[in-house]
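J.: Residue strings, one per chain:
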Amino acid sequence: MRGFAVLLNKEIAEQWRTGRLPVVAVIFLLFGLASPVLAKYTPDIVKLAASSIDIHVPTPTIKDAVAELIKNLSQVGVLAAILLAMGSVAGEKESGTAAFVLVKPVSRFAFLAAKFSGLAVTMAAAVLICGLAAYLYTDLLFAPLTVLGFGAACLVILLGLLEIVAVTFLGSTLVRSSIPAAGIGIVALVVAGVVSSLPNVGRFTPFGLNELASDLALQQTATGWDWPLIVNAGFVVVALAASWLVFRRQEI
Amino acid sequence: MGSLPLAIQLSTSLLLILLPLVVIELGLVVFSLVDLFKPERRVIGDNKLVWALIIVLVGTIGPIVYLLAGRKQN
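The listed protein sequences correspond, in order, to chains A and B.
Residue numbering for the first sequence follows the working numbering, beginning at 33 and increasing consecutively.
Residue numbering for the second sequence follows the working numbering, beginning at 1121 and increasing consecutively.
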């Protein structure tokens, strides 16, 4: 791992300097704050919009706030994950920065590991900020969630997002341009979406983890999740290993 | 507002709850437009007008796509 610490510092500084880290953090903050608000007031807005029709909208509960948060992170969070990862390696190959860095005494493994670690730090910071905001607003508008359960739910959500980052990162390693890398991430996303709707295997996808995140946040019994968690974490490892196998002999 | 049973009660506390959301949402749009129209800023596709329309018209997603994927790094 020659040069890893130096490269990781450079990556995190670059995530900050290019504005990616603050932008992702602000976006996640927005959805962390907005999700409980939307859950609380959407029924009122629906009633107002359909005031001439007799419509029964159930009173929102804390369950709706958690569901809204998970839904928003499954959409906008995943979009941010793809946009963040698509140019991480491909962009540097395209601009020639990768070739410039790799002539220095750093290994290709350290280069890739630092790139992914930088992305993981950004996503973790964003999920932390989102979680804190959602926790505060859910407490204000509904009732307090348990810190431990909600924290565990945020970790599960982070795992799902890191899977998307890892697959897009693999795409970014395979190609020389950001757009096809994003395409690979989106294709993986569509496949995961289709598979997640299948019985028995749905739990083994990033979207399948949403059910576990909801159960953990609401302190409901969650059983039989050992293997789905191991398999989902395994996807991250496999995607990163594949990235390494491609990148180690790749002409830069 | 008491005569409107279905209306959302716009109390001070509700406005305080909504204020950060409005500030962040508008802040993202304004920041994106200011960044876009910096003379030295180069964007994917080299068409700033299209990006301005995306930022303004595509809701929250517009500024997100611009800030994370629309800018060319100098």
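Calculated from the structure, these hints are not laboratory results.
Among the clues, some could well be false.
Stated by the list, open to error - Here are a few chain A residues that face chain B, going by a calculated C-beta distance under 10 Å: (1) W48; (2) G51; (3) R52; (4) V56; (5) V58; (6) V69; (7) A112; (8) M118; (9) L173; (10) P212; (11) A214; (12) G215; (13) I216; (14) I218.
Glycine included, every Cβ here is placed at the ideal spot set by N, Cα and C.
J.: Are the hints correct? Go through all of them and say.
T.: Hint by hint, here is what the structure shows:
no.	hint	in the structure
1	W48	13 Å, violated
2	G51	7 Å, holds
3	R52	7 Å, holds
4	V56	7 Å, holds
5	V58	6 Å, holds
6	V69	6 Å, holds
7	A112	6 Å, holds
8	M118	7 Å, holds
9	L173	7 Å, holds
10	P212	13 Å, violated
11	A214	8 Å, holds
12	G215	13 Å, violated
13	I216	15 Å, violated
14	I218	12 Å, violated
Checked against the numbered hints above, the structure violates hints 1, 10, 12, 13, 14; every other hint is satisfied.
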